[in-house]
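K.L.:
Each chain, letter by letter, is given below.
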Amino acid sequence: MEKAKAGRERILVCISASPTNIDVIRRAVALAGAIHAELIALYVENTETRDEAEAKAVRDHLGLAERSGATLTTIYGDDPATAIAQYARVSGITKIVLGKSPGRRSLFARKETLMSRLNELAPDVEIIIVPNQLTADPTRFSLFRFLRRERFSAADLAKTALILAVSTGMGFLFKGIGLAITNVVLVYLLGVMAVSLWTTGYLYSLLSSLLSVLVFNFFFTEPYLSLHSSPDYFATFAVMFAVALLSSSLTSRIKAQSIQTANKAYQTEVLLSTSQLLQKAEDREAILAVLQNQLSRLLEHSVLLYPVDADGMGRPELHEVEQDGGFEGIDIQWERAIPEWVAQNAVHAGRTTRTFSEAHCLYMAIRSGRKVWAVVGIRADNAPPIDEYRKNLMISILDECALALEKDHMTREKQRVEESARQEALRANLLRSISHDLRTPLTSISGNAALLMENMGQLDEAHRQALYASIYDDAIWLNGLVENLLMITRTENGTIALHLQSELITEAVEEALRHLDRNASKRQISTAIENDLLMVKMDAALIVQVLINLLNNAVKYTPEGAHIVIGAKRDGEWARIRVEDDGQGVPEGDEDKVFDMFYTGVKRSPDSRRGIGLGLALCRSIVQAHGGEIRAENLKPHGARFEFTLPIAEVIENEQ
Amino acid sequence: MSNKPMILVVEDDAAVRNLMAVTLDTQGYQYHLARNGSEALMEVTTHQPEVMLLDLGLPDMEGVDIIRKVRGWSSMPIIVISARAEDADKVEALDAGADDYLTKPFSVDELLARLRVALRRVHAEQQAAGGETPIYENGGLQIDYAAGCAYMAGSEIHLTPIEYKLLCLLAKNTGKVLTHNYILKEIWGSYTASDVGSLRVFMAMLRKKLQSDGGAQPYIQTHIGIGYRMLRIDRPSEESQ
Chain A
0 MEKAKAGRER ILVCISASPT NIDVIRRAVA LAGAIHAELI ALYVENTETR DEAEAKAVRD
60 HLGLAERSGA TLTTIYGDDP ATAIAQYARV SGITKIVLGK SPGRRSLFAR KETLMSRLNE
120 LAPDVEIIIV PNQLTADPTR FSLFRFLRRE RFSAADLAKT ALILAVSTGM GFLFKGIGLA
180 ITNVVLVYLL GVMAVSLWTT GYLYSLLSSL LSVLVFNFFF TEPYLSLHSS PDYFATFAVM
240 FAVALLSSSL TSRIKAQSIQ TANKAYQTEV LLSTSQLLQK AEDREAILAV LQNQLSRLLE
300 HSVLLYPVDA DGMGRPELHE VEQDGGFEGI DIQWERAIPE WVAQNAVHAG RTTRTFSEAH
360 CLYMAIRSGR KVWAVVGIRA DNAPPIDEYR KNLMISILDE CALALEKDHM TREKQRVEES
420 ARQEALRANL LRSISHDLRT PLTSISGNAA LLMENMGQLD EAHRQALYAS IYDDAIWLNG
480 LVENLLMITR TENGTIALHL QSELITEAVE EALRHLDRNA SKRQISTAIE NDLLMVKMDA
540 ALIVQVLINL LNNAVKYTPE GAHIVIGAKR DGEWARIRVE DDGQGVPEGD EDKVFDMFYT
600 GVKRSPDSRR GIGLGLALCR SIVQAHGGEI RAENLKPHGA RFEFTLPIAE VIENEQ
Chain B
0 MSNKPMILVV EDDAAVRNLM AVTLDTQGYQ YHLARNGSEA LMEVTTHQPE VMLLDLGLPD
60 MEGVDIIRKV RGWSSMPIIV ISARAEDADK VEALDAGADD YLTKPFSVDE LLARLRVALR
120 RVHAEQQAAG GETPIYENGG LQIDYAAGCA YMAGSEIHLT PIEYKLLCLL AKNTGKVLTH
180 NYILKEIWGS YTASDVGSLR VFMAMLRKKL QSDGGAQPYI QTHIGIGYRM LRIDRPSEES
240 Q
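Here the protein sequences come in this chain order: A and B.
Going by numbering that gives the first Met the number 0, the first residue of the first sequence is number 0, and it counts up by one from there.
Going by numbering that gives the first Met the number 0, the first residue of the second sequence is number 0, and it counts up by one from there.
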């Protein structure tokens with residue numbers, strides 16, 4: 000949690016179920032508005048059982064606070080004063096707004112007011128008390144209200160009766176073997192503690208304390224089998240009742256604390272496992288999948304998820320659990336307007352909220368600031384409402400997920416920027432090389448043509464033929480360059496859109512051989528394809544271009560009369576295609592560098608042979624896009640071999 | 000001059016149009032020139048050319064639309080001209096009813112060779128106008144449709160049913176480039192990814208059988224990424240692609 004920034008006040012308003020709380024929230028909002036402070040609404044959840052009406056009141060109050068612009072936080076603690084003080088200290092709260100509380104309402108609690116305790120625990124925080132304008136709730140301390148909160152259950156009643164009976168039985172046993180009557184009292188006390196341990200609520204503890212005294216009186220004090228007893232025992236009864244009641248109250252408290260500890264441990268575990276899973280998740284989809292999984296496991300509700308990006312809301316991902324019947328029979332599409340609204344406004348809506356409360360699902364935005372990354376929908380119409388404890392956990396998970404999504408987004412954004420910078424540099428480099436290398440053949444073409452036009456008469460046939468051939472060669476060379484450039488535009492952004500089809504290698508080789516340089520006819524080109532029916536998955540146009548580049552490369556770097564072999568063979572799941580020549584080979588140590596862009600073999604001199612080092616670089620990106628590899632090696636005694644692999648396509652022959 | 004074939008050249012680039020005009024002129028063909036789609040359609044209706052050379056990148060109309068319109072009333076050969084990077088356009092044009100394609104930059108020899116193929120198809124169609132001939136003859140290749148047999152230089156070629164179907168389909172469209180999709184639809188009746196591979200294999204087998212029986216002459220031409228074509232072989236070694 001971040002510390003308070005200098006100059007900016009942070010106001011904490013405490014949420015409770017009390018009807019006066021609405022007024023407190025409004026005052027806090029007004030105050031925050033007046034001094035431009037940040038408002039935090041804090042609800043302290045504890046182990047006290049609350050009824051439906053109270054839970055609803057708390058939800059309503061939290062909703063009101065959120066709509067008023069407060070940040071919601073829920074913490075756990077049996078003692079609100081300590082919890083609030085601790086929270087205020089950690090998160091740099093400067094003012095706390097409280098309702099005037101009538102004190103704690105537990106039966107055996109300290110009578111100090113929240114305010115004075117807070118004052119003691121967080122002396123540096125200003126505490127503002129909003130006077131209670133309503134009269135205290137008349138039912139607040141009535142027995143009726145206390146009983147209403149208690150849950151009656153036959154099982155608990157039976158347990159109480161059984162334990163009492165066992166205690167009485169043991170009492171008779173003790174009495175039978177002549178032990179002092181005080182031992183019987185202790186047996187009953189033990190019974191009362193057992194009751195408070197194994198039943199829920201104070202009622203059974205109270206009941207068993209009372210009954211223990213009565214039964215003890217009935218069976219074990221003179222006169223036996225009568226509720227009359229000598230005044231000597233009154234003190235025993237009183238002390239016994241008091242001890243029973245106190246110890247049962249203490250036992251209940253220990254039990255409540257152990258439940259709280261377990262809950263806390265569970266919360267920590269869930270959050271920890273969530274953050275571990277989120278850290279492992281590599282992309283947005285994985286993060287959202289983790290979220291959906293964790294949420295539906297935690298809540299046992301079906302969860303649906305709409306990813307949100309720049310184009311708006313995507314298609315929903317469903318994650319259904321058996322407990323609420325999944326999304327069977329629910330028209331999610333019909334409700335789509337609600338998550339869209341949530342995505343736009345970055346607030347919660349749907350079931351259990353004030354907006355679109357007739358919906359089947361509760362929709363919540365996963366957001367950081369105003370940026371919504373996704374909208375999560377939780378089916379909430381036919382299952383018990385999500386308790387505050389789980390709701391808080393859920394919100395923590397959503398926050399964590401939002402953080403992970405933000406991080407992922409930033410990483411991708413950074414990658415994109417880096418990639419585009421790299422592309423930009425590449426493009427600039429490419430443009431420089433091209434403009435240089437286009438001029439050379441263009442100069443030659445225009446010069447030769449001008450020569451032919453102006454000096455037609457003076458040139459003899461042989462000279463003219465030479466000029467025609469030169470123009471033709473340069474034009475063809477330019478065309479080859481343009482072909483490669485076109486292929487490079489297809490490989491832009493580092494990804495090549497492949498039109499993969501099963502093709503015979505022989506056919507691709509035939510096609511490539513049709514498009515070779517004119518100089519190729521001065522070399523002896525032969526094919527050595529192991530199997531005519533060798534078929535691979537390829538984008539024909541691109542692989543033909545690879546073959547053309549490799550063959551033209553071989554032609555370019557070998558003397559006239561050299562031998563060039565184009566071969567192919569199967570090697571497991573791959574086809575190995577090679578172009579070999581018996582020329583000078585690749586410069587020693589440059590076997591890998593030849594595939595780099597703008598590599599042109601020997602160091603360039605102004606009158607060096609043309610070539611801008613695009614061909615082999617293009618070959619490598621095309622082969623890699625097909626999932627294959629390309630490499631160059633020198634042959635003994637001399638010559639070069641370029642070899643690449645492509646995945647074999649298996650064919651089901653479909654003869655009818 | 001009136002018995003010379005009439006060619007319609009549809010090309011928006013003046014230099015290329017001029018090149019084609021000069022080429023046709025030197026070979027003694029009659030020709031008309033059109034600079035865009037609407038002129039082309041006008042020329043087709045008024046002069047009824049025998050072959051159309053159609054550039055796919057016209058300023059006013061999609062080349063494919065022109066093909067579809069012309070195919071509405073005429074079966075004259077259409078040769079489309081496009082750049083090599085646009086395989087998809089070529090396939091679309093062929094599927095729309097074009098017979099053949101030329102890739103820029105093309106050589107003059109190539110242009111003339113394609114033109115001869117197209118004209119031969121016209122003549123073959125005119126000769127066969129009387130009705131379906133029961134025997135197909137092309138160089139050394141003979142197909143007896145009635146008997147369901149194929150012969151190369153007089154001896155029978157042993158073909159599987161699919162290979163025979165393929166051979167008949169190609170023979171009936173001699174001179175025309177048939178796209179993979181078209182062949183798959185005609186032979187298998189459907190198009191699935193696995194069939195593409197088997198089509199390649201059957202075609203390779205068929206080509207092998209025709210070749211091994213009839214010497215070096217290629218009867219079936221492969222257009223990788225596009226389709227196949229049966230070439231008409233009149234005299235030995237006239238066609239050298």
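Simulated from the structure, these hints should not be mistaken for laboratory data.
Each residue gets a CB set at the ideal place from its N, CA and C atoms; glycine is no exception.
Mixed in with the good hints there might be a few duds.
Said to hold, decoys possible - Once the Cα atoms are required to be at most 30 Å apart in a straight line, the calculated DSBU-like pairs of lysine-lysine come out as: (1) A:Lys413 / A:Lys279; (2) B:Lys164 / A:Lys536; (3) A:Lys536 / A:Lys592; (4) A:Lys568 / B:Lys171; (5) B:Lys68 / A:Lys536; (6) A:Lys55 / A:Lys390; (7) A:Lys521 / B:Lys164; (8) A:Lys254 / B:Lys184; (9) A:Lys555 / B:Lys207; (10) B:Lys3 / A:Lys568; (11) A:Lys370 / A:Lys94; (12) B:Lys3 / A:Lys536; (13) A:Lys158 / B:Lys207; (14) B:Lys103 / A:Lys521; (15) A:Lys279 / A:Lys158.
What the hints assert, rightly or not - Selected chain A positions facing chain B (Cβ under 7 Å, derived; list incomplete): (16) Ser228; (17) Asn478; (18) Leu503.
K.L.:
None of the hints should be skipped; say for each whether it holds.
P.N.:
How the hints compare with the structure:
{"no.": "1", "hint": "A:Lys413 / A:Lys279", "result": "holds, 19 Å"}
{"no.": "2", "hint": "B:Lys164 / A:Lys536", "result": "holds, 26 Å"}
{"no.": "3", "hint": "A:Lys536 / A:Lys592", "result": "holds, 27 Å"}
{"no.": "4", "hint": "A:Lys568 / B:Lys171", "result": "violated, 36 Å"}
{"no.": "5", "hint": "B:Lys68 / A:Lys536", "result": "violated, 37 Å"}
{"no.": "6", "hint": "A:Lys55 / A:Lys390", "result": "holds, 13 Å"}
{"no.": "7", "hint": "A:Lys521 / B:Lys164", "result": "violated, 41 Å"}
{"no.": "8", "hint": "A:Lys254 / B:Lys184", "result": "violated, 76 Å"}
{"no.": "9", "hint": "A:Lys555 / B:Lys207", "result": "violated, 33 Å"}
{"no.": "10", "hint": "B:Lys3 / A:Lys568", "result": "violated, 51 Å"}
{"no.": "11", "hint": "A:Lys370 / A:Lys94", "result": "holds, 29 Å"}
{"no.": "12", "hint": "B:Lys3 / A:Lys536", "result": "violated, 47 Å"}
{"no.": "13", "hint": "A:Lys158 / B:Lys207", "result": "violated, 92 Å"}
{"no.": "14", "hint": "B:Lys103 / A:Lys521", "result": "holds, 24 Å"}
{"no.": "15", "hint": "A:Lys279 / A:Lys158", "result": "violated, 49 Å"}
{"no.": "16", "hint": "Ser228", "result": "violated, 96 Å"}
{"no.": "17", "hint": "Asn478", "result": "holds, 5 Å"}
{"no.": "18", "hint": "Leu503", "result": "holds, 5 Å"}
Violated hints for the displayed structure, listed by number in ascending order: 4, 5, 7, 8, 9, 10, 12, 13, 15 and 16.
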